[in-house]
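Start from the sequences and build out the full structure, keeping to the hints where you can.
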Amino acid sequence: MKNIVIACGGTGGHLTPGIALAQSLELLGCPTWLFISQKQVDSRLASKYPELNFVPMPGVPLIKTPWGIIKFLKGCLHAFLRSHSFFRKIDADALVGFGGFSTFGPALAARTCGMPFHIHESNRIVGKAVRFLANRASRVYLPSGVRLPGIPSEKISHIGYPLRSDFRRIPMERARKCLGISMSEKLLLVFGGSQGAASLNEWVKNNLTQLAQDGISVYCLTGLNDQNSGTVQLEGLAGETVTSRFVTFSDQVHILMSAANLVISRAGAGSIAEIIRCRVPSILVPYPYAADMHQHANAQYLEAKGGGVVCPEESIEEKLLLEVREVMFNEEFRAVLRRNLYSLDHEDVASMFAKNLLNTFKLNKKTNVPSGLLESHI
Numbered sequence: 000m001k002n003i004v005i006a007c008g009g010t011g012g013h014l015t016p017g018i019a020l021a022q023s024l025e026l027l028g029c030p031t032w033l034f035i036s037q038k039q040v041d042s043r044l045a046s047k048y049p050e051l052n053f054v055p056m057p058g059v060p061l062i063k064t065p066w067g068i069i070k071f072l073k074g075c076l077h078a079f080l081r082s083h084s085f086f087r088k089i090d091a092d093a094l095v096g097f098g099g100f101s102t103f104g105p106a107l108a109a110r111t112c113g114m115p116f117h118i119h120e121s122n123r124i125v126g127k128a129v130r131f132l133a134n135r136a137s138r139v140y141l142p143s144g145v146r147l148p149g150i151p152s153e154k155i156s157h158i159g160y161p162l163r164s165d166f167r168r169i170p171m172e173r174a175r176k177c178l179g180i181s182m183s184e185k186l187l188l189v190f191g192g193s194q195g196a197a198s199l200n201e202w203v204k205n206n207l208t209q210l211a212q213d214g215i216s217v218y219c220l221t222g223l224n225d226q227n228s229g230t231v232q233l234e235g236l237a238g239e240t241v242t243s244r245f246v247t248f249s250d251q252v253h254i255l256m257s258a259a260n261l262v263i264s265r266a267g268a269g270s271i272a273e274i275i276r277c278r279v280p281s282i283l284v285p286y287p288y289a290a291d292m293h294q295h296a297n298a299q300y301l302e303a304k305g306g307g308v309v310c311p312e313e314s315i316e317e318k319l320l321l322e323v324r325e326v327m328f329n330e331e332f333r334a335v336l337r338r339n340l341y342s343l344d345h346e347d348v349a350s351m352f353a354k355n356l357l358n359t360f361k362l363n364k365k366t367n368v369p370s371g372l373l374e375s376h377i
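In numbering that gives the first Met the number 0, the protein residues as written are 0 to 377.
If you are wondering where the hints come from, they were derived from the structure by calculation, not from laboratory data.
Among the clues, some could well be false.
Claimed, not checked - Below, a list of computed lysine-lysine pairs in the PhoX-like style, where the Cα atoms sit at most 20 angstroms apart:
| hint | residue 1 | residue 2 |
| --- | --- | --- |
| 1 | Lys185 | Lys204 |
| 2 | Lys63 | Lys73 |
| 3 | Lys127 | Lys63 |
| 4 | Lys154 | Lys354 |
| 5 | Lys154 | Lys127 |
| 6 | Lys354 | Lys1 |
| 7 | Lys318 | Lys204 |
| 8 | Lys88 | Lys1 |
| 9 | Lys73 | Lys127 |
| 10 | Lys127 | Lys70 |
Owing to the predicted nature of the structure, the values given are computational and were not obtained by experimental measurement.
This is how it looks when you write it as structure tokens:
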């Protein structure tokens with residue numbers, strides 16, 4: 000058995016693939032511990048998985064102001080010290096990091112302990128944390144087709160975004176029964192990720208009447224930072240009642256996506272992986288201030304594969320409603336999108352990831368070679 004620590008806190012996009020990997024490793028007999036942040040989004044999601052071991056760690060994101068940099072470095076130092084002690088306590092064999100601020104301290108502690116660590120990048124553009132740590136990592140996991148200058152190809156494995164075992168597509172009829180939504184409704188899901196998206200929430204409120212007149216119901220996940228929730232009922236053109244729902248957070252996104260005819264979403268790697276798994280047509284609105292414009296790259300990749308439509312943030316007021324109408328009322332086009340999404344939904348990534356890690360340990364033990372010289376593809 001190998002004791003493996005997974006650093007994955009800070010956002011849902013980092014935490015959920017860590018949970019997915021932990022689930023697969025535990026099934027293979029490897030005890031795991033997940034380092035998470037002290038943010039509400041982490042603690043709320045972690046509470047759903049009492050069978051896993053979560054360890055809150057200090058740390059804050061890097062904000063490029065003098066005080067922001069000081070707080071970031073202070074958090075890294077505290078995480079480094081606590082991680083170093085924890086690795087010794089459990090006799091850890093390896094660390095896997097999913098990028099973000101929560102990976103820095105544990106990764107540096109692993110380095111000083113002489114313990115191998117592996118780093119995973121979910122987005123089409125590699126983030127600063129992964130770029131900084133890649134040279135020091137034993138192995139770097141990147142999306143298919145993504146390269147990292149300066150890192151030898153034999154040190155890289157190409158793998159997608161691990162999804163939790165409980166995140167799966169279910170039949171639309173069953174999903175809608177769970178939500179209490181009629182099969183006759185045309186349902187638009189608006190989803191800004193675990194933190195929500197203020198501009199998407201505002202767009203829904205500004206266009207709710209027009210959507211109702213088109214007979215389109217809305218289910219809007221507003222995010223934990225927005226405490227507004229409730230139900231709005233409006234009259235459609237045919238006199239029918241059109242019900243729209245506003246909810247701050249849901250831990251059953253797979254049910255919502257399975258129930259929806261169309262999704263409006265940000266373009267984080269996790270959201271796109273979930274869209275692909277549920278095979279739901281989508282209009283992606285990349286967050287314009289995401290680091291290195293990585294959400295634009297993610298969205299453009301899905302659109303190029305015929306799996307979705309991209310609407311830039313600066314165009315939502317003039318174009319988004321038109322795009323919604325065009326996709327929602329074109330069943331043939333949505334069928335094409337679903338077929339393309341099906342072709343993008345690969346094997347169980349979490350299980351492949353876990354087996355690759357264990358295979359790396361076995362090969363290292365047999366051949367006594369650095370893990371970076373192992374086979375580069377899964």
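Hints and how they fare:
no., hint, result
1, Lys185 - Lys204, "18 angstroms, holds"
2, Lys63 - Lys73, "14 angstroms, holds"
3, Lys127 - Lys63, "13 angstroms, holds"
4, Lys154 - Lys354, "17 angstroms, holds"
5, Lys154 - Lys127, "18 angstroms, holds"
6, Lys354 - Lys1, "12 angstroms, holds"
7, Lys318 - Lys204, "16 angstroms, holds"
8, Lys88 - Lys1, "14 angstroms, holds"
9, Lys73 - Lys127, "18 angstroms, holds"
10, Lys127 - Lys70, "18 angstroms, holds"
Going down the numbered hints, you'll see the structure goes against none, and every one checks out.
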